[in-house]
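Peer 1: Residue strings, one per chain:
Protein chains: 2
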Amino acid sequence: MIMRWLSCLLLPALVLAEPVDWLLTARYVVTVDARHQVIENGAVAVRGDRIAAVGTRSDLEKRFQPRRRLDRPQAILAPGLINTHTHAPMSLFRGIADDLRLQDWLEKFIFPAEAKNVTAEFCRWGTRLAVLEMLLGGTTTYTDMYYFEETIAAETKAAGMRAVLGQTVIGFPVADAKTPDEALVRAEAFLKAFRNDPLITAAVAPHAIYTNSDETLRRSRVLANKYDAPLLIHLSETRRENDESRAKRLASPTQALSALGLFDGRTVAAHGVWLDDTDLAIIRSKNVGIAHCPSSNMKLASGIAPVTKMLSLGINVGLGPDGPAGSNNDFNLFEEMDLAAKLAKVATGDPQSVSARQAFEMATMGGARVLGLEREIGSLEAGKRADLIFVQVGKPHVQPLYHVESQLVYASKASDVSDVFVNGRQVVRGGMSLTLNPAEVLAKANAYRQAILRSLPQ
Amino acid sequence: MIMRWLSCLLLPALVLAEPVDWLLTARYVVTVDARHQVIENGAVAVRGDRIAAVGTRSDLEKRFQPRRRLDRPQAILAPGLINTHTHAPMSLFRGIADDLRLQDWLEKFIFPAEAKNVTAEFCRWGTRLAVLEMLLGGTTTYTDMYYFEETIAAETKAAGMRAVLGQTVIGFPVADAKTPDEALVRAEAFLKAFRNDPLITAAVAPHAIYTNSDETLRRSRVLANKYDAPLLIHLSETRRENDESRAKRLASPTQALSALGLFDGRTVAAHGVWLDDTDLAIIRSKNVGIAHCPSSNMKLASGIAPVTKMLSLGINVGLGPDGPAGSNNDFNLFEEMDLAAKLAKVATGDPQSVSARQAFEMATMGGARVLGLEREIGSLEAGKRADLIFVQVGKPHVQPLYHVESQLVYASKASDVSDVFVNGRQVVRGGMSLTLNPAEVLAKANAYRQAILRSLPQ
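Listed in order, the protein sequences are those of chains A and B.
Count the first sequence with the working numbering and you get residues 305 to 762, in order.
Count the second sequence with the working numbering and you get residues 305 to 762, in order.
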């Protein structure tokens with residue numbers, strides 16, 4: 305009798321405590337949801353590859369029975385960062401040719417180095433190095449434009465990272481294709497191979513308007529749409545690109561690409577430095593996502609993208625570090641957030657331009673929208689993929705802490721990231737990779753360095 | 305007979321192996337000497353507070369008999385970084401009021417927060433927090449403008465750090481002085497107390513032209529010269545400062561200060577954003593050092609200082625993070641180096657503007673020249689003070705390594721600093737402070753946070 309009475313009391317509690325795979329708790333949970341909720345003493349419950357719930361620690365502890373838990377009382381728990389533009393395997397060329405004019409950089413270093421060194425195997429190790437750095441620094445999704453993307457995809461997947469990977473289509477012979485036709489064939493095989501992959505979104509990446517024929521550009525769009533895949537392209541990165549387009553086509557690159565139908569489908573355009581008001585209206589009406597790359601645009605002296613205006617128009621803007629061989633030297637979204645905010649302020653003369661909140665949103669939900677993945681990633685909300693990061697806030701450079709978003713953007717560093725989950729799987733624990741072997745990757749990177757140095761013109 | 309013969313052979317070797325306190329070895333030694341030598345498998349010998357020799361590891365191992373040694377085969381050994389402008393105790397206000405217009409920031413947050421919270425004890429703990437962060441991040445010398453500088457000096461010295469500390473002189477009542485007269489009296493006592501100190505250079509810091517009377521400015525200069533001390537001042541930080549000076553004085557701030565005799569002696573001018581060619585000619589002829597603060601100038605939307613032009617004119621330029629309460633959020637010279645190079649490139653449209661070498665020089669020898677300490681610090685050369693840092697280059701974000709200076713400026717982070725020596729004394733070992741108690745400092749910072757939040761207008 306007493307037992308039955310007790311079980312009546314206990315049963316509801318047991319029934320309510322749903323099993324989950326993980327309960328993650330932190331000092332603050334930054335959701336980046338529509339209301340920009342920041343939850344003090346917060347928690348996230350994860351079941352399988354998805355977020356089951358987000359709330360206060362005390363509430364979620366009542367509701368869920370976790371199989372495992374991770375408590376980081378000195379950390380912020382936030383959505384994983386989203387890189388919307390890079391060239392991952394170029395990690396092996398990191399800093400090989402800095403402080404040069406674009407033409408010298410390309411013609412004396414990058415093109416010869418690529419011609420002599422880029423193979424599938426190069427891309428394998430370059431990707432491992434890049435993915436290792438990105439995961440350790442809190443990036444959970446990246447967007448790539450390079451060669452041998454099927455190898456890049458296999459390595460990214462093996463490391464447990466999410467990515468949108470664009471097979472390059474370009475009008476001259478490159479490492480993995482002698483012609484654009486060959487590149488398009490490769491791209492289609494890649495799109496087929498990774499259809500419906502939980503981590504990899506295969507994409508088509510015609511390099512730019514000035515390196516492809518109109519015919520190749522159109523065929524790239526048709527191919528992307530056939531597989532409902534994104535198209536990735538460089539757009540108005542330099543003034544020269546714009547000037548040449550206006551001279552040759554009597555139209556800006558955006559106007560010309562739009563007329564070619566290039567934006568009729570999911571599109572991610574990198575840079576957008578020289579977009580004017582007419583271009584921005586097109587970008588907005590076609591729902592083209594912009595990958596803003598402040599480090600690269602500053603370092604190569606390309607110019608300053610009109611990001612404040614883009615955001616006020618409601619254009620989707622994400623962040624990208626670009627490649628680490630000249631344009632930048634690392635894959636560090638904490639630096640891109642900080643720079644995006646600061647560059648917008650000095651460019652507009654308005655310290656309120658691009659707030660910490662907006663910069664953090666660009667690195668998370670903004671990036672997700674740019675990639676067309678906003679229903680899957682970019683915020684901590686029930687039902688979304690469990691891509692999340694812990695950022696430690698116990699060190700001197702982040703104390704005292706008054707405003708969580710401000711601290712994340714202006715004070716936190718990639719090196720403060722302690723734990724990373726992608727698709728419900730922990731891939732970094734206490735600053736250590738769980739899916740890659742750093743010693744092996746670094747030894748191989750050094751071997752490539754020696755081969756690359758030997759291959760350069762003396 | 306055999307013994308005597310042996311001793312003849314051994315004696316010269318023993319005589320040559322001079323005793324030193326430290327032999328420090330690294331994969332690369334970046335000297336920042338006149339020839340910008342980078343020594344592979346290099347070493348530095350330290351005797352007492354000075355560098356005894358710099359050379360290859362094999363050479364220095366033959367020449368010296370070290371009492372202790374530190375071998376970091378995966379690191380760069382470089383001069384300690386020099387911060388030429390900050391407000392250290394404001395660490396306790398880190399990020400309290402970001403993304404605001406200057407007037408709102410000052411009037412709604414900083415002035416009320418300072419009025420209610422800044423005491424000698426506040427400066428003690430704020431300095432400890434700042435010095436802890438700076439030392440861990442590779443800064444070995446900093447330059448301050450704040451209140452209660454004698455407390456700041458005592459704490460800095462106790463932590464084993466070098467600094468140029470300017471007692472603020474300002475035309476309205478502040479935390480440590482009701483009048484400029486009182487501030488000048490405090491400043492003189494401070495100059496006397498720290499005369500000939502091995503670590504502390506006491507200075508006079510009239511805040512700016514627009515916050516002091518001409519009389520106070522002149523008396524500040526006279527006082528500084530009496531003690532052969534530097535004078536620190538904010539100069540042409542905002543367009544408004546320039547416009548007001550031109551309206552009121554029919555002269556730019558630089559012209560007006562020069563006419564007042566303010567530059568007739570060692571002077572460090574912070575910012576210099578709005579200096580024109582006439583101003584730059586004055587700055588150059590008076591040998592005024594400029595503390596360039598790229599983060600602050602971007603974040604507050606102050607403008608872009610003409611650094612490329614300053615360097616081409618041979619003006620001494622150093623770097624400063626400015627204060628961490630609005631202008632910036634940390635004391636991170638790795639970020640200031642990176643930004644100084646990138647900002648100059650995008651501002652001039654020339655990717656060759658401010659190279660990695662020039663940026664690293666600004667953070668070391670350039671800073672030393674700005675402070676008038678170029679014979680003592682700023683480079684690794686025999687006879688100089690032993691202020692040096694080890695920067696680890698074994699992690700994924702700094703591999704592979706092609707160019708040492710490029711990597712230091714564009715890829716290395718403050719968190720890569722493992723070991724720091726100031727004046728021959730090791731103050732950071734393996735990323736841990738040897739002179740401050742982080743747990744105590746952070747607990748106190750958090751207590752101040754709560755008091756500061758209570759003091760703010762609701």
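I should point out that these hints are in silico values taken from the structure, not numbers from a laboratory.
Careful, some of the hints might be misleading.
[To be verified] Listed below are the simulated DSSO-like cross-link pairs for lysine-lysine, each with C-alpha atoms no more than 30 Å apart in a straight line:
1) K412(A) x K496(B)
2) K461(B) x K699(A)
3) K552(A) x K496(A)
4) K699(A) x K412(B)
5) K748(A) x K699(B)
6) K552(B) x K496(B)
7) K412(B) x K613(A)
Peer 1: Hints first: check each against the structure and report whether it holds.
Peer 2: Hint check:
1. K412(A) x K496(B): 59 Å, violated
2. K461(B) x K699(A): OK: K461(B) and K699(A) at ~22 Å, within 30 Å.
3. K552(A) x K496(A): 36 Å, violated
4. K699(A) x K412(B): With Cα atoms ~28 Å apart, K699(A) and K412(B) stay inside 30 Å; holds.
5. K748(A) x K699(B): 13 Å, holds
6. K552(B) x K496(B): 36 Å, violated
7. K412(B) x K613(A): Given that 30 Å is the threshold and the Cα spacing comes to 28 Å, the pair holds.
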